[in-house]
Amino acid sequence: DVKVTQSSRYLVKRTGEKVFLECVQDMDHENMFWYRQDPGLGLRLIYFSYDVKMKEKGDIPEGYSVSREKKERFSLILESASTNQTSMYLCASQEGRSQYFGPGTRLLVL
Amino acid sequence: DQQVKQNSPSLSVQEGRISILNCDYTNSMFDYFLWYKKYPAEGPTFLISISSIKDKNEDGRFTVFLNKSAKHLSLHIVPSQPGDSAVYFCAATRWEGNKLVFGAGTILRVKS
Chain U
1 DVKVTQSSRY LVKRTGEKVF LECVQDMDHE NMFWYRQDPG LGLRLIYFSY
51 DVKMKEKGDI PEGYSVSREK KERFSLILES ASTNQTSMYL CASQEGRSQY
101 FGPGTRLLVL
Chain P
1 DQQVKQNSPS LSVQEGRISI LNCDYTNSMF DYFLWYKKYP AEGPTFLISI
51 SSIKDKNEDG RFTVFLNKSA KHLSLHIVPS QPGDSAVYFC AATRWEGNKL
101 VFGAGTILRV KS
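Protein chains in written order, with this note's numbering: chain U, 1 to 110; chain P, 1 to 112.
Keep in mind that the hints were calculated from the coordinates and are not lab data.
Heads up, some of the hints might be wrong.
[Claimed, not checked] Below, a list of computed lysine-lysine pairs in the DSS-like style, where the Cα atoms sit at most 25 angstroms apart:
no. : chain 1 : residue 1 : chain 2 : residue 2
1   : U       : K3        : P       : K37
2   : U       : K57       : P       : K68
3   : U       : K55       : P       : K56
4   : P       : K5        : U       : K3
5   : U       : K70       : P       : K99
6   : P       : K99       : U       : K57
Full structure from sequences and hints, please.
Take a look at the structure:
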């Protein structure tokens, strides 16, 4: 069974803090993605990766960076958290045409 | 530039009736379309998909219709059940392995 896990379900951080969101998949997929979900805006792609140490900017990469040191792990980094980064963050891995999502991390930046 | 649009933010349907969720796209290069369902505090889960070489795909209570000339697809749920209440996202992609482009989502409420 496909499994994508995210390190935290809920996080509360202060403005200016560095935030790490971890995602792990156990399906040996090459493609992994980070999205944020906001009401009325759907799923917006932040960054994605097609292989280890490879990364590509999505539609809204500003204020974020990523790391893919191992195939199964894709990390999203908020270098200096801001209140407009309060959101639901979703990680996904892809096989063929389908993406499999983790449970999401709800981040609140105060 | 929104390439995938779901123009209805929400839809309310009586239990047992049909739910029809709509999706429009602008990029004629899209050749594969997917529907995802999302409950609050959970990640989206894959529901059903359709290739551009077909105009219909059915899986139990769920059917997706594709009208390429109108660049329009719809998801039909028959009969609707209270457990179908969720956010439904339409997504499109151009070729295998490429990223998905998602719509804004439609909140479906099925009333019992």
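### Query
Given the hint that K55/U pairs with K56/P, does the C-alpha gap stay at or below 25 angstroms?
Not OK: K55/U and K56/P at ~36 angstroms, beyond 25 angstroms, violated.
### Query
Can the restraint linking K5/P and K3/U be considered satisfied, given a maximum Cα separation of 25 angstroms?
Cα-Cα ~29 angstroms, so violated.
### Task
For the pair supplied as a hint, K99/P and K57/U, confirm whether the alpha-carbon distance does not exceed 25 angstroms.
holds (11 angstroms)
### Message
Can you confirm whether the C-alpha distance between K3/U and K37/P stays at or below 25 angstroms?
### Response
Satisfied, since the Cα-Cα distance of roughly 17 angstroms is no more than 25 angstroms.
### Agreement of K70/U and K99/P with the hint, judged by alpha carbon distance not exceeding 25 angstroms
With a Cα-Cα distance of about 20 angstroms, the restraint between K70/U and K99/P holds, given a limit of 25 angstroms.
### Message
Just to be careful, I want the Cα atoms of K57/U and K68/P compared with a cutoff of 25 angstroms; is the pair within it?
### Response
violated (30 angstroms)
In this structure, the hints that do not hold are numbers 2, 3, 4, in rising order.
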